[in-house]
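> Listed here are the chains, written in short residue letters.
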Amino acid sequence: MADPVFVALAVVTIGSAVAALELRSLVYGSIALMGALGGIAGLFLLLDATFVALFQLAVYVGSIAVLILFTVMLVKRELIFKKIEDKRRKFAGVALMLVTMVALGAIFIDSGIKDITTDEPPVDFREIGSDFVTYYWPALILMGLILAGSVTGALVLARREDIEENGQRTS
Amino acid sequence: MSVIAPDFRLSSFIRSIFDNAFWALLLANLAGIPAIMMVLFYIEMPVIDGELLTPFLAFSWLADPSRTLPIVHAFMATDLFRVVAFPGFGFAALIAAATIFVERKMLAKLQLRVGPFYCGKIEGILQLMGDGLKLISKEIIIPAKADKPIFWVAPVIFVATAAAFVALIPVAPGWVVADVDLGLIAVFAVIGFFPIITILSAWSANSKFPFIGGIRALFQMVSFEIPLILSLLGVVILTGTLNLSEIAASQSSFPWIVFLPIGAIVFFTTMLAELERIPFDLPEAESEIVAGWLTEFSGMMYGLVQLGTYLKLYAFAALFVVLFLGGWHGPMVVPPFPEEILLDGIVMGPVTAKIPGLPLFTQEMINGTFWFVLKTVGVIFFILLPRGVFPRIRIDMLLNLGWSKLIGLAFVNIFIALGLLYAGVLGPGGMLPQ
Numbered sequence: 000m001a002d003p004v005f006v007a008l009a010v011v012t013i014g015s016a017v018a019a020l021e022l023r024s025l026v027y028g029s030i031a032l033m034g035a036l037g038g039i040a041g042l043f044l045l046l047d048a049t050f051v052a053l054f055q056l057a058v059y060v061g062s063i064a065v066l067i068l069f070t071v072m073l074v075k076r077e078l079i080f081k082k083i084e085d086k087r088r089k090f091a092g093v094a095l096m097l098v099t100m101v102a103l104g105a106i107f108i109d110s111g112i113k114d115i116t117t118d119e120p121p122v123d124f125r126e127i128g129s130d131f132v133t134y135y136w137p138a139l140i141l142m143g144l145i146l147a148g149s150v151t152g153a154l155v156l157a158r159r160e161d162i163e164e165n166g167q168r169t170s
Numbered sequence: 000m001s002v003i004a005p006d007f008r009l010s011s012f013i014r015s016i017f018d019n020a021f022w023a024l025l026l027a028n029l030a031g032i033p034a035i036m037m038v039l040f041y042i043e044m045p046v047i048d049g050e051l052l053t054p055f056l057a058f059s060w061l062a063d064p065s066r067t068l069p070i071v072h073a074f075m076a077t078d079l080f081r082v083v084a085f086p087g088f089g090f091a092a093l094i095a096a097a098t099i100f101v102e103r104k105m106l107a108k109l110q111l112r113v114g115p116f117y118c119g120k121i122e123g124i125l126q127l128m129g130d131g132l133k134l135i136s137k138e139i140i141i142p143a144k145a146d147k148p149i150f151w152v153a154p155v156i157f158v159a160t161a162a163a164f165v166a167l168i169p170v171a172p173g174w175v176v177a178d179v180d181l182g183l184i185a186v187f188a189v190i191g192f193f194p195i196i197t198i199l200s201a202w203s204a205n206s207k208f209p210f211i212g213g214i215r216a217l218f219q220m221v222s223f224e225i226p227l228i229l230s231l232l233g234v235v236i237l238t239g240t241l242n243l244s245e246i247a248a249s250q251s252s253f254p255w256i257v258f259l260p261i262g263a264i265v266f267f268t269t270m271l272a273e274l275e276r277i278p279f280d281l282p283e284a285e286s287e288i289v290a291g292w293l294t295e296f297s298g299m300m301y302g303l304v305q306l307g308t309y310l311k312l313y314a315f316a317a318l319f320v321v322l323f324l325g326g327w328h329g330p331m332v333v334p335p336f337p338e339e340i341l342l343d344g345i346v347m348g349p350v351t352a353k354i355p356g357l358p359l360f361t362q363e364m365i366n367g368t369f370w371f372v373l374k375t376v377g378v379i380f381f382i383l384l385p386r387g388v389f390p391r392i393r394i395d396m397l398l399n400l401g402w403s404k405l406i407g408l409a410f411v412n413i414f415i416a417l418g419l420l421y422a423g424v425l426g427p428g429g430m431l432p433q
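So the protein lines, in turn, are chains Z and P.
Heads up: the first sequence runs through residues 0 to 170, numbered per numbering that gives the first Met the number 0.
Heads up: the second sequence runs through residues 0 to 433, numbered per numbering that gives the first Met the number 0.
No lab work stands behind these hints, which were simulated from the structure alone.
Every residue gets a Cβ at the ideal spot worked out from N, C-alpha and C, and that includes glycine.
Don't take each hint at face value.
Sample of chain P residues facing chain Z (criterion: CB under 8 angstroms; computed from the structure) [stated by the list, open to error]:
1) LEU39
2) PHE40
3) GLU43
4) ALA185
5) GLY191
6) PRO194
7) ILE198
8) TRP202
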């Protein structure tokens, strides 16, 4: 018998993920997305990874979902989405998803991950942090450069040249 | 001339009182006491004087003065007490209520007005109670085309999130609702929920003014979260922990504001923006967009949002105290509990009352709470003060301040902390004691 908390979290996560895809209202869809991300944070909590769980809440629910919500509210959806009601596409999508999930699940179960048992305590996040700045520092620097590059690129893309600076921005 | 109750008769009044008393006693005996007994069976009962407290004993023991205090003691050790009463919701709500009154009165004095005056005999001290009664008795109006589920739920979730924030704050040594090992990260996670609730409630009202206010609030909160998080990293670097209780305990010799004043200033400024206080109160700018994202709330829904706002204000002020002002540390001003009362009891003429379990709180706890409340009230005063002094700034000035100035200052603060750490002044193995 599985842990009831785990089952509840899994149901919440998968249910709100399906709702995020299927709901007609975009705002409710993004709320459901928040539910799915929050459910994943709960799964991390169950795995004794409090650090990851709290960052999942702070970054994904607190920032990414807010950005999605913001975009949904600022953009008129008629302009970006054409409604195509197609039953065959829908069933094909569901079937494709099922096939992928079953295949992935079979690979996971076959890999012997179910037989691993360990009594070791969870890895402290301080160790992960010190590993990052000592042994894995090139990866850290690379990640930082990629993020900085994408932020700079976004700034360049978002710059509008059709607005004239007429001296109002004195701040 | 009209009278309030033209058919008033004293005899019927007295009879109605007896009637009510009869029904109350009957219902208490038939339903109330059995219900309490049933609930008590499911609660883990404490051991008092070496004897397990059972539901049957509970009532008679509560009436016994020599056993009341131990029962109260046992109750105070429970989580329920912590969540509902002392370091949690009740305590914070009391401070929040006091803040609302003090804010109105203080602003009035700053602007040479009188402020609340008529409600209650002394300086309008009952104004808050009057306002609360008014809000409760008002009708809750929902806009016709509002998105009802979100509109109803948003104020409740707002208060719940603020209460979750309050639960992370340590008030005195060991007195905290949730002593999370990653307390500061948990604080960041909780703060991240406020913009979501704001924008959702603003959108669900389906009205122009709330939506503009909500968009502004979202801009402001999301962009000021970054300097907020960065400004607190200096403290984390120096203490080497994210646990708020440990951070407060590490400041027994000196508060961190001595070494990290820039971080404290940046945090204070971002705090004003997150709380939508006056130089940054664009989301609620009453002269431009009515009341911002609160426009469509009415009755007790508005009351709930106000309660949540002031709980949040208390929690931010308390976080400032914990991180920069030394938390509960301060000179011992509370006298020790007189020992002769413990040993001999209280002598009143011929009667000697010996009361077991008397030091209800330890000396450290009372002293810590005293200093904590004193510092928090001071910080709240400085949060309220700009409202009487500053004008509101434009949104582009606000964003410019957040993105270019405060983030830069926060990095300066981090480098100061790193310098202190690597120069061997502070931190583990540093010259100065912690």
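> Next step is simple, just say for each hint if it's right about the structure.
Going through the hints against the structure:
Interface restraint check for LEU39(P): the shortest CB-CB distance to chain Z comes to about 27 angstroms, outside 8 angstroms, so the restraint is violated. Proximity of PHE40(P) to chain Z is violated relative to the hint, the smallest CB-CB distance being about 24 angstroms (cut-off 8 angstroms). Hint status for GLU43(P): violated, given a least beta-carbon distance of 21 angstroms to chain Z, over 8 angstroms. The beta carbon of ALA185(P) is positioned within 8 angstroms of a beta carbon in chain Z (closest approach about 6 angstroms), and the interface hint is therefore held.
The closest approach between the C-beta of GLY191(P) and any C-beta of chain Z is roughly 2 angstroms, which is under the 8 angstroms cut-off, so the hint is satisfied. Against a cut-off of 8 angstroms between C-beta atoms, the interface hint on PRO194(P) holds, since the closest Cβ of chain Z lies about 5 angstroms away. Annotation: interface hint on ILE198(P) holds; nearest CB of chain Z at approximately 6 angstroms, less than 8 angstroms. The beta carbon of TRP202(P) is positioned within 8 angstroms of a beta carbon in chain Z (closest approach about 6 angstroms), and the interface hint is therefore held.
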